[in-house]
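Below, each chain spelled out in residue letters.
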Amino acid sequence: MNEQSTLYDKVVRITNVYLGPAAERFIGRQVRNHLHKEPEAISENDLSSLIDWIRVAVSLLTEDSEIVEEYTEQLELLTHVNKRRRINDSDREPT
Amino acid sequence: MRYKTSVLTSYIILLVVGIVLALVLPTPPSLLKILNITNLDYRLAIFTLILPFAIIWFSAFYAYEKLEQYAHKLRQAREEKAFKKIADGVRVLAWGLIIPLLISLILMAIASRNSGFRTAQIIIDNYLMLLVPLIGFTYISSGTRALNVLVGTRPGLLGTRLLAFIYIIIGVLFSHFVVHNSNGPINPYRLSFWLLVFTIIIPYLYAWFIGLLSTYELWLYAQKTQGLIYKKVLGQVAGGLAVTIVGSICWQYLGSAFDAESKASFSFVFIIFYVLLFVQAVGYGLMAFGARRLKRIEEV
Chain A
0 MNEQSTLYDK VVRITNVYLG PAAERFIGRQ VRNHLHKEPE AISENDLSSL IDWIRVAVSL
60 LTEDSEIVEE YTEQLELLTH VNKRRRINDS DREPT
Chain B
0 MRYKTSVLTS YIILLVVGIV LALVLPTPPS LLKILNITNL DYRLAIFTLI LPFAIIWFSA
60 FYAYEKLEQY AHKLRQAREE KAFKKIADGV RVLAWGLIIP LLISLILMAI ASRNSGFRTA
120 QIIIDNYLML LVPLIGFTYI SSGTRALNVL VGTRPGLLGT RLLAFIYIII GVLFSHFVVH
180 NSNGPINPYR LSFWLLVFTI IIPYLYAWFI GLLSTYELWL YAQKTQGLIY KKVLGQVAGG
240 LAVTIVGSIC WQYLGSAFDA ESKASFSFVF IIFYVLLFVQ AVGYGLMAFG ARRLKRIEEV
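Going down the list, the protein sequences come from chains A and B. Take numbering that gives the first Met the number 0: the final residue in the first sequence is number 94, and no numbers are missing along the way. Take numbering that gives the first Met the number 0: the final residue in the second sequence is number 299, and no numbers are missing along the way.
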């Protein structure tokens, strides 16, 4: 993934695999309606709450629980990737 | 809410008008003679057709309403215009199921009192029947083409060859049947050869080609677009549209290629009627179901 891409871009990119052209609009609605902020402004602190809302919303769209699980697991990976990156960055910082 | 009511209201009004016209207007004696049935048999047959017609009209109206609502939900999205065109096309097909039939019933009643009007009635009926796929399929095709442009795809070699093959069979047989019928003792189209070729056969062949191409293009879009959930739902709309268009083409094919004044068995004609109504109702139902789910993706 591009180093420059924001968390929002990464979430949309994952969502694209499941919702295609509707992905950006879907994430925009979840963030605006449930987190009450602009989609581009989401931070790592919002991620777990956003994933919960996404799980609920996607469960309404498909009865295939495997797809719902797979999708939310992909999003949860973002949390781990970001945590790992933060640890790596702090290790690299000069003492 | 106001919008939702208006589609349902239009449906109910048209249905009531259709039932009243079908049961009240006089039947041309020539038609009863051709079908070899009594006036009572004819009324009973009409009565049994009301329920299937009501179901197919409802599924068609429901499908175009859901497609329009979905297109409306897309707002400024790239696919908005394409889906609006498809919804407009399906709306033309839905209204086209009822309006020509109502006009035909009125014209038939006029013709039953004034036999000199029979020729004009047949010509108007034929052109009205032709206008529906011509306009409807053109709208749908513009929409499916726009969707293909969005994903940068175009019909493949195998698909194009298959489409051409099927289309040539349909076209050649249709031309043969129409020309053969027009050379009979009573020309069922009441048109001269060249008028028949240029104003009936060619427009029908054009409309059917556009219709078949649009089903193929929507299927291509459903294949090329991303999104596991989106793709599955879009596949339902594409499948529904394909069944509706093919069912509609078969309906028009039989209506135009086979001589309405031939001595075909009444029960055979009736069975074909029911089967084609059922096919189209299934297509519209699938389309409505898919469009409703697409709309839900834009709502949650």
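None of these hints come from the bench; they were simulated from the model. One or more hints might be untrue.
Stated by the list, open to error - Example chain A residues on the side facing chain B (calculated, C-beta under 7 Å, incomplete):
# : residue
1 : Tyr17
2 : Ser64
3 : Ile66
Said to hold, decoys possible - Straight-line C-alpha distance at most 25 Å; calculated BS3-like pairs for lysine-lysine:
# : chain 1 : residue 1 : chain 2 : residue 2
4 : B       : Lys83     : B       : Lys294
5 : A       : Lys9      : B       : Lys231
6 : A       : Lys9      : B       : Lys83
7 : B       : Lys223    : B       : Lys80
8 : A       : Lys36     : B       : Lys230
If you're wondering where the values come from, they're calculated on a predicted model, not measured in any experiment. The beta-carbon is built from N, C-alpha and C at its ideal position, and this holds for glycine as well.
Comparing the hints with the structure gives:
1. Because the closest C-beta pair between Tyr17/A and chain B is about 5 Å apart, less than 7 Å, the hint holds.
2. The interface hint given for Ser64/A is broken, as the beta carbon of that residue sits about 13 Å from the closest beta carbon of chain B, more than 7 Å.
3. Given hint, Ile66/A at the interface with chain B, holds; its Cβ is 6 Å from that chain's nearest Cβ, closer than 7 Å.
4. The straight-line distance between the Cα atoms of Lys83/B and Lys294/B is roughly 13 Å, inside the 25 Å bound, and the hint therefore holds.
5. At roughly 23 Å between alpha-carbon atoms, Lys9/A and Lys231/B fall within 25 Å of each other, so this suggested pair holds.
6. In summary, the hint linking Lys9/A to Lys83/B is not supported, as the alpha carbons are separated by about 30 Å, beyond the 25 Å threshold.
7. Distance check on the hinted pair: Lys223/B and Lys80/B sit about 19 Å apart at the alpha-carbon level, within 25 Å; holds.
8. The straight-line distance between the Cα atoms of Lys36/A and Lys230/B is roughly 29 Å, outside the 25 Å bound, and the hint therefore fails.
Checked against the numbered hints given earlier, this structure breaks hints 2, 6, 8; the rest are met.
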